[in-house]
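Peer 1: What follows is each chain in one-letter form.
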Amino acid sequence: MRRATDPQVGDLELAGLDALELPIAPRQSVAWRIWRATWPQLAAAAVVIGIWQLVVLSGVKQPWQLPGPLVVGERLLSDLGDSRLLMAIGTTLRRIAVGFGLALLIGSAIGIAIVRWQFLRTAIASLITGLQTMPSIAWFPLAILLFGLSEQAMLFVVVLGAAPSVANGLIAGVDHVPRLLLRAGRVLGARGFEAYRLVILPAALPSFIGGMKQAWAFAWRSLLAGELLVIIAQQPALGVRLQLSREFADAAGLLSTMIVILVIGIVVDALLFGRLDTAIRRRWGLLEGRE
Amino acid sequence: MSATLPVSAPAPFEVLTGGGQQPAISVRDVHKVYGPRGSHVLALSDISLEVQPGEFVCLVGASGCGKTTLLNLVAGLDKPDAGEMVVRGRRALLFQEAALFPWLTAAGNVELALRLAGVPRHERHDEARRLLGLVRLEGFADKRPHELSGGMRQRVALARAFAQKADILLMDEPFGSLDAMTRDLLHDELERLWADARFTVLFVTHDVREAVRLGDRVVVLTSRPGRVAEEIPVDLPRPREPGDAAGAALVARITTRLREEVRRHATRH
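Chains as they are written, first to last, in the working numbering: chain W, 1 to 291; chain B, 1001 to 1269.
It is possible that some hints are incorrect.
As the list claims (entries may be wrong) - Computed, partial: chain W to chain B, Cβ under 7 Å:
| id | residue |
| --- | --- |
| 1 | G10 |
| 2 | L14 |
| 3 | D18 |
| 4 | A19 |
| 5 | E21 |
| 6 | W64 |
| 7 | E151 |
| 8 | A184 |
| 9 | V187 |
| 10 | L188 |
| 11 | A190 |
| 12 | I200 |
| 13 | P202 |
| 14 | G285 |
Derived from the structure by calculation, the hints contain no laboratory data. We put the beta carbon where it would ideally sit given N, CA and C, even for glycine.
If we strip away everything but chain W, and leave its shape as in the complex, we get:
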């Protein structure tokens, strides 16, 4: 008669069962985790550079067309100490920040409107997906006609390229909120706006972040394409540098700038969105057994 005589026994049993049922997470040192996360990337980079060197050594292309990794590396080092490259990076980053920020606002607003009002979904949801398949470069002639060779033209295309991904991420997230959670929210009394704010949007967050990540890639690509076409005087930008390097047949400079573009793209994707994504998945317990 355990409960009848001593209620404390029941509590102890409950506490014991709780302790036994909790998973035990293996501890790993920070250095080991960093090494495990980075060595495959370092290895992949080494392989790519190795192939590049082999192609250069094979002599299919002239050295002035395709310089080797060493030459480009030296050029990159000297460029990084050059204020013109830093200014170009600054201009491009400022543009992407504004463009991506606008895309985020507009995409979220459209996404929310579409999940809220069914007729809007019927009307424009497929149009938005269609917009995503349109290559951003195809917008530039129109953008230049509308806005001239200006920052607005670039922003226009960046927003058009990125906002649909943001909207789609949000819509997909809301569509896939588990019915059980919706029901739990209703039972707790979350109705209308509160249901969106407290249950539906938080539940849609992982998908929304996925949409943001994709939007970043589209925005970055659209902007660089735009900077090749829309060259504004006194405004050094990464795209402009590519174009000028080609005109002066400066292959080492061209490749050095390309590496900068690639690295920025990867760093923002991995450090910003990748981390955000991992943090959320860890909170939700979706990474169990994968770490």
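Use these hints to put chain B onto chain W, whose structure you have.
Peer 2: What follows is chain B alone, placed relative to chain W:
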């Protein structure tokens, strides 16, 4: 509540219940139909049921008896097609899955319920921890649902239901997915909490042992359509023990009744 209070609800219940107390839940001649006209399924037919305040009533039935349908009606998630339904008090509903929000901690889940129940911000933190203490989870306030075991999640869900200031707890096979040992301990827990606070419970289960272990009364439902076949009072002293002989006899009796009901459907095709 006393019998002299002015009553807006239908009067016949006064007569039916005999005593002066208003039932917490009264369901009278309720019909519920699913599907389009012509090919519809009658889920509940002429169901009548009363639950007194502070009473613990278990609903058992085989598949297709409309247990969950009935619970959804009482919870206000669905509307009956015919009949009367009066519920006096705030309701909270617990499912077989804990249905915790994975982006919130255990305490966060309870605080969300408090917020939706209109509890002011500065009171929520302490109140959530007090409620988690009731289900013996004070040490797990900052854990996320995936860090807790199934039984612990279900206890957080229980704390969340208490946060709704509910006096009527509607439970839909809440321990159905737990292992036997955890379930036994949670029966003890639920019984203790109920003995302390005396809320009303309508508990749906397909497990006859569980129904006899917990209920003041076991209501046996027929299947397709769901009707009340029999109401069996469980006059066993509390706190109850799972192995009790009188309880076992009652379990056997109800099980036999349910099997008859299942057999009845075998001959209908």
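Peer 1: Identify whether the interface hint at G10/W stands, where standing means a beta carbon of chain B within less than 7 Å of its own.
Peer 2: holds (5 Å)
Peer 1: Taking 7 Å as the limit, does the beta-carbon of E21/W come near enough to a beta-carbon in chain B?
Peer 2: Hint holds; E21/W Cβ to chain B Cβ min 3 Å, cut 7 Å.
Peer 1: Can L188/W be said to touch chain B, with a Cβ gap under 7 Å?
Peer 2: holds (5 Å)
Peer 1: Quick check on the hint: V187/W CB to chain B CB, less than 7 Å?
Peer 2: holds (5 Å)
Peer 1: If you take the shortest Cβ to Cβ gap from D18/W to chain B, is it below 7 Å?
Peer 2: Since the shortest Cβ distance to chain B is 6 Å, the answer is holds.
Peer 1: Can the hint on A190/W be confirmed by a CB-to-CB distance to chain B that is less than 7 Å?
Peer 2: holds (6 Å)
Peer 1: Is the shortest C-beta separation between G285/W and chain B less than 7 Å?
Peer 2: Holds, because the Cβ-Cβ distance from G285/W to chain B comes to roughly 2 Å (cut-off 7 Å).
Peer 1: Is the interface hint for A184/W satisfied, with its Cβ closer than 7 Å to some Cβ of chain B?
Peer 2: Constraint on A184/W satisfied, holds at 4 Å.
Peer 1: For the hint on A19/W, does the least C-beta distance to chain B fall short of 7 Å?
Peer 2: violated (10 Å)
Peer 1: Does the CB of E151/W sit less than 7 Å away from some CB of chain B?
Peer 2: Cβ of E151/W sits 38 Å from chain B, so the hint is violated.
Peer 1: For the hint on P202/W, does the least C-beta distance to chain B fall short of 7 Å?
Peer 2: Holds. Min distance 5 Å.
Peer 1: Would the hint on W64/W stand, with a C-beta cut-off of 7 Å toward chain B?
Peer 2: violated (56 Å)
Hints 4, 6, 7, 12, counting from the list given before, are not met by this structure.
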